[in-house]
Amino acid sequence: MGSYQHHIPGAVIVHTSPGLARTGRINRGSVFMRIKIYAFLLAVSFLLLIGGLGYIQITKHAKFKVMSEENRLKVVPLMAPRGAILDRKGEYLAKDVLSFDLSIIYSQVKNINSTARAIASILGTSEEEVAVRIKQGRWRPYSPVMIAEDIGIEKAIYFEEISVDQPGILIDVSSKRKYANSEVAANVVGYLGLINRSEFDRLKHYGYRVNDLVGRGGIEKTYDDYLRGTHGGKQVEVDHRGREIMVLGLKEPVPGKDLYLTIDLELQKYCDSILEGKRGSILAMDPETGAILAMASAPSFDPEIFIDARRKRAEVAEVLNDAEYPLLNRAISGVYPPGSVFKTVLATAGLETGVVTAHTVFNCTGSMRLGRRAFHCWRESGHGDQNLEEAIKNSCNVYFWRLGSHLGVDNIAEYAGMFGVGRATGVDLPAEADGLLPSREWKRKKYDEPWYKGETLNYSVGQGYVLCSPLQVCRIMSVFANGGYLVRPYIAESVEGVSLNKPERTRLDISEDTLEHIREGLRKVVNDRRGTGMKARLSEVVVAGKTGTAQTSRNKNHGWFAGFAPFDGPKLTIVVFDEYGGKGGYFAAGTAGKIFKKAEELGLLGP
Amino acid sequence: MAAREVTLPREPQEKYLKRLKSWGFWALKGEGMLKEVRGQVDHVLLFAVLAIITIGIVFIYSATWDPVSSVGLRTLVIKQMIWVAGGLLLVFLITNIDYMRLVNYAYLAYVINLLALVFLLFFGGERYGARRWIDLGPLSIQPSEFMKVTVIMVLAAFLGERRENAGSFGNFAGSIVLIFPAAVLIFLQPDLGTAFVLVPILFTMLFICGENVKYIVSSIILGLASLPFFWLLLKDYQKDRLMVFINPDIDPLGAGYTIIQSKIAIGSGGLFGKGWLNGTQSHLKFLPERHTDFIFSVVGEEWGFAGAVLLVGLYAVVIARGIRIIAGSADIYARALAAGVVTLLAFQVFVNISMTIGMMPVVGLPLPFVSYGGSNTVASLICVGFLLSISRRAS
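Protein chains in written order, with my numbering: chain A, 156 to 762; chain B, -15 to 379.
Do not rely on the hints blindly, as some may be mistaken.
[Unchecked claim] No farther apart than 25 Å at their CA atoms in a straight line, the calculated lysine to any residue pairs in the SDA-like style are these:
(1) K215/A x M343/B
(2) K218/A x W260/B
(3) K331/A x R371/A
(4) K223/B x V300/A
(5) K215/A x M344/B
(6) K219/B x K191/A
(7) K191/A x G297/B
(8) K218/A x G259/B
(9) K690/A x E431/A
(10) K218/A x K223/B
(11) K219/B x V102/B
(12) K198/B x R146/B
What the hints contain is simulated information worked out from the structure, not anything from laboratory work.
Chain B with its partners taken away, still in its complex shape (with noise of 0.2 Å):
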C-alpha cells in the first residue's frame, strides 16, 4: 500500500502543542504520532457533535425516567455515559493518528467482524427475536453496528488501491462482492435496517470515487425490480411493519401501534413542547422503544418544532462540515472514507426521523448520538474521529 510513502509538510510544533492544549488534552502529546498533522481539526463538527451528545444523554434521562416511581438518574444514563466518554476517547485517538493506518488495517478488521457476525449467528443470545448482541458482562456488544463502521473502511480500502481503475465495472462489481458477505450476515440476524444502510453507503462511496452513474443507476433500477422478490426473504413482523407504513390504521394496536404513538408524541408537542420530563406520551410509556429508535419522538413531544429543527439543525451542521471534508480531503481514500461515514451518519438521521414521523417504514436504525446503545454510539463516533482526522490533513 502506498501510504506509508507520503510525508505532510511539518507543522510547527508550538502551534500544534497549543491547539492541543486549547482542546483541554494536556496529558497526551505523543509527537511522533502527530508530526504529519498540517490542517486544521474542524471544531464547528466536534463542537456540533458535542451539543448533539448532550440532547442525547438529557433526552435517555427524560425517556428513562419513570413519573410513578419517580427514581432519579437511571443506570442506562450512567451506561451511556461510560460509552460516550470512550467514545471520545477514541475520536481523539482517531483523530490524532493517520487515518491510513486504519485503513491499512481495513481487510484484517473487516475479517474480524466478519467472524463476529458468523459467531452470532450460532451463539448469539435471542433478544426481541433477533441475535444481535454478544454478551461480555454488563456489557454487550453489537457487531452489526461496528460492520457499518468496517464496511467503510474496507471498501475506502479497495477503491483507494484501484484508484487508477475508478469507474470501471471492475470496481464497481468488487465492491458489491467485498461487502455481500456482511450485508448477508447482518440480514440474517435479522436486522434488516442496517443491512439496508449498507446499499446507499456503498453507492455513495461510488459515486464519490468516480464510478461510472450508469452502473449505479441501473443496479438501484435493478434492485427496485427484484423488491417483489425481496418481499419473500422478509420475516413476518417485517412484512407487518411495511404493510403498517403504508397504512398504520390496519392494527392501530399491533405493528402500527409505534407509528401511531409517535406520531402522536411528536405532533402533540406542537411549537415548543410540553417541556423536558413533561412528555406524556412517552413517560406513560405509550411509546415503546423510546430511549433507543424512537428517542426522536420523546424530543419532539418534549420540546416541539423547536427542539426538533435545533437538533436537525446540528445534524445538519455536521453534514455540511462533513461534505466540506469529503471536498478537501487530501486523497482517495480520505476522500472515500468520508463520504462512507457522511452517508452512514446521513442516512440514519434521515431514516430515524422519517420513521419517527411516519415518513417511512419502521426499520430498526438509531439516532446516532443520542439513541442509547453503547456499540452505536462509538461506531457513531468513530465516523466522527475518521472525519476529524481527515481534516487535519486536508490538503
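Chain A extracted, bound-state conformation (with noise of 0.2 Å):
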C-alpha cells in the first residue's frame, strides 16, 4: 500500500488530464495528504489483523487445541440405574424407571408458534406457556432447554413423531427414582438427595460423580453402596449438538443391587394407614429374629421430592421446616419414657434378684407416702393386695414403686441395662438414638447431684429420666415373647441372594419361671375381664401386652402399647407409640389389637 505517489504525480496531472472539470476546487496536495492518512489507518488495522490472527493462533494456539479436542471428545456418562428396594414378597418400595423429558433447542425451532401449538396440543396446556418457555432458550440457543419431565411414554412417542417435522424438539429419556406408595414406609425406605461438596470429596475414589444422587436416609443411606451401580460411560466423538458420530471406548454401566427388605408391604400399608394424621410410630417385628415387617413413622413425607430440587424446592423446604419433624423416623430416632411397659423390666428384676416372688403381695391403697409426698396410682381407689402378676394386669403404681424401692436404683439400672436400655438396637438404619439409661454414676456426672429416692420410684415405672426408642421397647417386650433373648433388630434381608443380616440374640441370664410368670401377667393384661390392655383382644388368637402411659411435661401424655401374639409361640411383636395421645388403653392398645388382626389375616401369625 501506498506506492502511489510513483504512479500519479499530482502536479503533472493538473496541467495534462482532461478530466479537471470533473475535480472540482479542492486542492491537489490536500486530497493525497488525505489518502495518505486514510491508507496509514487502512494499513495499521490490516496490521491489527494480523496481531490478532499471530496472537490466537501462535501464542494461544496450545491453549485452543486442548479446547478443540474437548469439545469434540465427550465422555458421555452411563447411568447405572439404581437397585430397586423390594419387601419380603417382592413388592417393589422404590426402584429406578425410565423418564422421559421434553426439551427443545431453540436454534433448530423453524416457528416457535406452530412449534408451541403443537406441544401445548400434546401436553394438554396453554400454547403461551410453553411460547415462554421455548423463547427462554434464546439464551442458549444451542442447548436443550427442559419443557416439561416426566411425560409419560406415549406423550413421548408423540413427540418423536412430530419432531420430524417440528425440528428442535427433543426426547430425554434418565432414569428416575420412583416410591411406590408416596408416603408409606418413607422413614425406612429413605430418600436420595445430590451428593454434596464434602461427600464427594470423600466418596470420589469410589465411583461417585459431582451430579449423582445419594442415599440420605433410610435404607438408601445404610446401603448405598449396593444400591447404587458403577456408572459407565461411552467416550465419542460428538458434534456441536453432542450427536455422535463414532463411538472410541465404551465402558458398560454396572446397575445397582435390588435388597429385599423384611418389611411386608400390606402390613406396612395398613400401620402407615392407622397413623394417619397422627403423630407417633407403629413397630411390628418378629421376636425370635428380630426382623421387622413393619415400621411406620408419623408424620410423614414424600421421597420423591428431594430428587427433583428445581421444581419442589418449596415442597422441601416444607418438609424440613415442618415443627412436626417428618423427617424424624420416631421409631427409632425418637426417645420417650417408656411408661408402664418399664413395669415388665422391674418385675424380671424383682423375681431375679429375689427382691420378690411371684407370691409377694404389695397392698394397693391408691397412694404411697415418701417422706413428705404422697405418690399416687393411676387407680385412686386403690387396688387392694396385688402379686406381680395381678400389679402387671392392672399396671398397679404402688406395687411397682414398693418393688423399685426395695430394688434400689443400682439393680433397676443393671437390669435396664440388660434390657437393653440406653444403647442403640444396632438396626441397619442410620440416625438411631441410644435412649437413656440412669443411674447413680450417670446422675453424678451429668448433674453432680446424688441420687434420690423418689427418683427411683419415678425409674420404677418407667418416669423421669429414662428414655427409649419405640424400637428398645419393641426389643424388651420381645425378651418376654421368645423366652429370654434380646434380639438386634434388621430390616434389610438380602441382596443378590446373600443375607445381609444374620438374626443375632444374646441369651438374658433370666430363668424360665420368671418369664412365666411375666408372660402369664402380660396375658391378663389383655384377656382379663378388666385388663389395661383389653382393647388388644382377639377372638382368633391369644394376644400379650403391656399398656403404657407416659407422663410428659405437656398436658397430654404419650401412649404406649406393646405386645406380642400368638401368646404360645408369638411371630410377631408390636408396639404403638401415639405422641401425646394420651393413656395407653385407649387409642394404642386398640390400634395393636387392629394389626394383629390385620396380621393374622396376612398370615403372619402363623398356621
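Mind assembling these two chains? They're in different frames, but the hints should get you there.
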C-alpha cells in the first residue's frame, strides 16, 4: 500500500488531465495528504488483524487446541440404574423407572408459534406458556432447554413422531427414582439427595460423580453401596449438538443391586394408614429373629420431592421446616419415657434378685408416701392386695414403687441395661438414638448430684429420666415373647440371594420361671376382664402385652402399647407409640389389636 | 450533469483489442462502448480478487461438507459458483462502461433500492428473525447488500455535483440526509452490521472529497456520545451480542457460544492448520453460520496462521490497489466512488475477521468474495467492476 505517488505525480495530472472539469476546487496536495492518512489507517487495521491472528493462532494455540479436542471428544456418562428396594414378597418400595423429558433446542426451532401449538396440544397446557418457555431458550440456543418433565412414554412417542416436522423437539430419557406408595414407609426406605461437596470429596474415589444422588436417609443411605451401581461411560466423538459421530470407547454401566427387606408391604401400608393424621410410630417385629415387618412413623413425607429439587424446592423446605419433623423416624430416632411398659423390667429384676417372689403381695391403697410426699396410683381407690401378675395386669403403680424402692436404683439400672435401655439396638438404619439409661453414676456425672429415692420411684414405673425408642421397647417386649433373648432388629433381608443380616440374639440371664410369671401377667393385661389392654384382645388369637402412659411436661401424655401374639409361640411383637395421644389403653392398645388382626389375616401369625 | 462533455484521448484500437484478447474475452468487443478508455486495467487487483474467490469456493465446500453423510459437492457450492459467474460478467461489463454512465443512474438506482427495502419491511419473509430477503423462486436477493453499493454511487453523484462546495457544511449535512432513509430501513430489518457499514463509507467519501475535518471529527464524537441512546434501540439479541463481546463467558452456550467456538476453531488451527476438510470444529458443527459470516474461522482452522495471513494478504493487495486507484482517479466522481468501494470492502474484511477472533462484537457482516451469499458476492464484484473501470480511465 502507499506506492501510488510514483504512478500519479500530482502536478502532472493538473496540467494534462482533461478530467479537470470534474475535479472541483479541491487542492491536489491536500487530497493526497488525505489519501495518505486513509491508507495509513487501513494499513494499521490490517496489521492489527495479522497481530490478532498471530496472537490466537501462535501464542494461544496450545490452549485452543486442547479446547478443540475437549469439544470434539466427550465422555457421555452412562448412568447405572439404582437397585430396587423390595419387600419380603418382592413388592417394590422404591425403584428406578424411565423418565421421558421434553426439551427443545432453540436454534433449531423453525417457527416458535407452531412448535408451541404442537407441544401444547399434546401436553394439554396453554400455548402461550409453552411459547414463553421456548423463548427462554434464546439465551442458550444450542443446548436443550427443558419444557416438561416425566411426560410418560405415550406422549414421548407422539413427540418423537412430530419432531420430524417440528425440528428442535428433543426427548431425553433418564432414569428416575419412584417410590411405590408415596408416603408409605418413607422413613424406612429413606430418600435421595444430590451429593454435597464434602461427601463428594470423600467418596469420589469410590466412583461417585458430582451429579450423583446418594442415599440421604433410611435404607437408601445404609445400603447405598449395594443400591448404587457403577456408572459407565462412552467416549465419543460428538458434533455441536452432542450427537455421536463415532464411539471410541465404551464402559458398560453396572446396575445397582436389588435389595429385599424384611418388611411386609401390606402390613406396612396398614400401619401407615392407621397413623395417618397422628403423631407416633408403629413397629412389628419377629421376636425370634429381630426381622422387622413394619415400621411406621407419622407424620411422614413424600421421598420423591427430594430428587427434583428444582421443581419442588418449596415442598422440600416445607418438609424440612415442619414443626412436626416428618423426617424424624420416630420408631428409632425418637426417645420417650417408656412408662408402664418398663414395669416388665422391674418385675424381672424383682424376681431375679429375689426381692420378691410371684406370691409376694403389696397392698395398694391408692397412694404411697415417701417422706412428706404422697405418690398416687393411677387408680385412686387403690388396687388392694397385688401379687406380681396382678400388678402387671392392673399396671399398679404402688406395687412397682414398693418393688423399686426395695430393689434400689442400682439393680434397676443393671436390669434396664441388660434389656438394652440406653444403647442403640444396632438396627440397619441411620440415625438411631441411644435412649437414656439413668444410674447413680450417670446422675453424678450429669448433674453432680446424688440419686434421690423419689427418683427411684419414678424410674420404677418408666418415668423420670429413663428414655427409650419404640424399637428398644419392642425389643424388651420380645424378650418375653421369645423366651429370654435380646435380639438385634434388622430390616434388610438379602441382596442377590445373599443374606445381609443374620439374626443375632443374646440369651439374657433370666430364669424360665421368671419369664413364665411375667408372660402370664402380660396375657392377663389383654385377656382378663379388667386388664388395661383389653382393647387389644382378639377372638382368634391370644394376644399378650402391656399398656403404658408416659407423663410428659405437657398436659397430654404419650400412649404406649407393646405386645406379642400368639401367646403360645409368638410370631410378632408389636409396639404402638402414640405421641401426646393420652392413655395407652385407648388408642395404642386398640390399634395394636387391629394390627394383630391384620397380621393374622395376612398369615403372619403362623398357621 | 457534466459527465458527457468530457472526451478522453483515444487509445489505439489494436492495443485495446490486444488487451481484450489477453483477457480471454474474444466474443465481446463492442467498440463504441470502449473508445474512451486509455488507462490500464489493474490486473493485480483482478487476479487478487479471483484468488480470493477461489479460496472462498474451496472453503464453502469445506464448510458445507458433511463428514457423516459424506456427500460431496453441495448445492450451496454450485449456487455460489453461479453467483460468482454472474458477478464476473458484471465486472467485465462495468469495467468496460464509463463509470460516469452508471453514476448518472445513481439516484434512480437509489430510489429503486429504497423501494425494495420498504417492500421488505412489509412483505419480507422472516428468516432468523429478520426481513432481509426477497425470494425469487430458487434465488433470493438481499437488497441491503446492493444498498451498500447504491449508497456509494449516490454519494459519489452528490459530492461530484457539488464539487465546487467541497468542504462545506452543506455537503456534509446533505450527505447525511441523503443516506439516512437507507440506514433507517436497513436498521429496521434489523441488520445492525449493514446499517453500520454505511457510516465509515460516508465519512471516508466525505474525507477524500475534501470535507472539513472538524465536521467529521465532531460528528464521530457526537455519535459516540449518543451510544447510550442507541443502546435503547437495539434488539435484545443485539444487546446480548455486545454484552457477550465484553465477556463471552457470561453465557458460553448461548450468545457467547459462537465467539468461543470461532476462537477455538481459529486458535486450534495453529501455524499450518488441520488441513482442508479436516477442521473438527467446523465439521462437527460446533460453529454456527460457518459458511456465511464465520467462514474465516474455517479457513483459520484448516489452513492455520499461514492460510489466514495469505487470505488477509490478498485482501491487502486488493485494498492497496484500490488506494492506488483512488489516488489516480481522473475526477472527483471516480475518487469518491473508489474511496467508497474500497472502504466498503476493507471495512467488511476488517470487521468480519475481527469478530471471528473476538476482537470485535459479532455483527452480521460477510467476508467479501468468501462468505456464501449471492447478493453480497455480486455487490462485492460490482465494487471490483467500479475499481477496474476507474483504473482504466485513470488520468
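Each hint tested on the structure:
| no. | hint | in the structure |
| --- | --- | --- |
| 1 | K215/A x M343/B | 14 Å, holds |
| 2 | K218/A x W260/B | 21 Å, holds |
| 3 | K331/A x R371/A | 16 Å, holds |
| 4 | K223/B x V300/A | 21 Å, holds |
| 5 | K215/A x M344/B | 18 Å, holds |
| 6 | K219/B x K191/A | 38 Å, violated |
| 7 | K191/A x G297/B | 20 Å, holds |
| 8 | K218/A x G259/B | 19 Å, holds |
| 9 | K690/A x E431/A | 20 Å, holds |
| 10 | K218/A x K223/B | 29 Å, violated |
| 11 | K219/B x V102/B | 20 Å, holds |
| 12 | K198/B x R146/B | 19 Å, holds |
The structure is inconsistent with the numbered hints 6 and 10, although it conforms to all the rest.
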